[in-house]
Amino acid sequence: MIAALARSRAARRVLGLTLLAAILLLVGAALAPGPGAHRPSHFGVLSVAAHTSPANPLGVRVSKVYGSNVPARRYGTEIGDLEDQGENTRGEMTADLSPLPARAFVGPVAAYKRYAEHWTTIAEREANGLRDALASGDRAGARSAWQATWSSYLHLGAVYGLFEALNQEIDGMPNGLLAGAADPHFNGLHRLEMGLWSGVAPRSLLPVADALLRSLQSLRRALPSVQITPLEYATRAHEILEDAQRDLLSGTHVPWSGQGVLGTAAGLDATEEVFHTLQPLLSGRENTEAEVRSELGLLSSTIAQIHRKHRGWPALTQLSMHEHELLNGTLAGALTALELLPGTLETKTPAPIPPLPTPSPAERAAELAAEDAP
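Residues 147 to 520, numbered by this note's numbering, are exactly what the sequence shown covers, in order.
It is possible that part of the hints are untrue.
[Stated by the list, open to error] Below are the EDC-like pairs computed for lysine to aspartate or glutamate, each with C-alpha atoms no more than 16 angstroms apart in a straight line:
hint	residue 1	residue 2
1	259	415
2	494	378
3	259	388
4	455	469
5	259	418
By construction, these hints were calculated from the structure, which means they are not laboratory data.
Please model the complete structure; the sequences and the hints are all you need to start from.
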C-alpha cells in the first residue's frame, strides 16, 4: 500500500509539471507579435546604420587601416612588407619598446645631482684632513686620507666627466703634458699619489693639496647648474665601470699606489646609484633591470670578499691570480648587462635605414657582363 501511494504521488507531481509547462507555452504564444508587428530597436546598431545590406549589415565602410594611410584592401601585403623592413606606416624604424619621453629623466638626474653634491662635500672634507696630515709630516696618515679623498671623488661617477678642465685639475694624469710627471702643471690627486708613494717629504706637497681644495670648491659650486641629457645619463652607468676596467684594474691610473680595487669599488657605488635612480623607468621594459641587478650584485659580492680577506683595500700587486680573474670576470659580466641600458631607455624612434640604390639597367648589364667575363 505504501508503494502504491508513493507511485501515486510521483504521478501527480509529473502531471502537475506537465500542465504548468503547457500553460507557459500558451501565454508566450499569445504575447508574441505577429508577422507584421513593429518591434522598436531604438538602441541597436541596426537602427542607426545608414546603408545596410545582407553583405554589410552594419552599414559601415572602412577604407584605411586604423591610424594609417594604408588602404584597407592592401593591408596584408603593405603592412607585412613594412614589418619585414622594420618600419611603421610613418617610415620610422620600429622597436619592441616605445620610446620614453625625455622628461621622464628629470627626476633621476636631479636625484643623482643631489647624490653628487653630497659626495663632493665629503671629498672636500677629506681633502682638508689630507692637508692636515701633510702639514704634520704624517706619511701613513696622509696616504690613508688620500685614499679617502680619491674614493669620495670617484663616487661622483656620472658627473665628473662633464667638467673636463676641473676633472683634469682634480684627477688628471700627466699623460700629454710636455714634461710628463715632472711637468709643473701636473697637479691634483695623482700628483699627491706620486709624492706619497715615492718618498717625497709630505710637507712639500702642501701647495698641491691647497690647489686641490680650491678645485673641489669650484666643483661644488658648479654642480647645481650641470645639465645631463637622457642619453648621457643612460650611457654613463656603463662608462663608469668601463673606465674602472681600463684605467684602474689595469693599474694605468694608479701607478704609484696600485689602489685599483678601491677605485673600482667607488665606481661600483656610483653605478649602483645611477641604476637605482633609473629603476622606475626600467620596470616592465624587457629583462634589463633584473640582469643589471644580478650582475652588479655579483661584482659587489666579489669586491666585498676581497676587502674582507685582505682586511682593507689591497694594492693590485697583492691580489692572487684567482682574485684577479674573479674580479675581472664579474666586472665584465656587469658591463655586459649595463650595455643594455641605453637601448632599453631610448627616448627617440631610430631613423629608418635608407634603402640601397637600385642599379640602372645599364649598370646591371655591366655587372652581369663582369660576372660572365673569364
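Hints and how they fare:
1. Between the alpha carbons of residue 259 and residue 415 the distance comes to roughly 15 angstroms, so the proposed pair stays at or under 16 angstroms and holds.
2. Taking the CA atoms of residue 494 and residue 378, the gap is about 14 angstroms. The hint holds against a cut of 16 angstroms.
3. Using a Cα cut-off of 16 angstroms, the hinted pair residue 259 and residue 388 is violated, with the two alpha carbons roughly 21 angstroms apart.
4. The hinted pair formed by residue 455 and residue 469 meets the criterion: a straight-line CA distance of about 10 angstroms does not exceed 16 angstroms.
5. Taking the CA atoms of residue 259 and residue 418, the gap is about 14 angstroms. The hint holds against a cut of 16 angstroms.
The structure fails to meet hint 3 from the earlier list, while all remaining hints are met.
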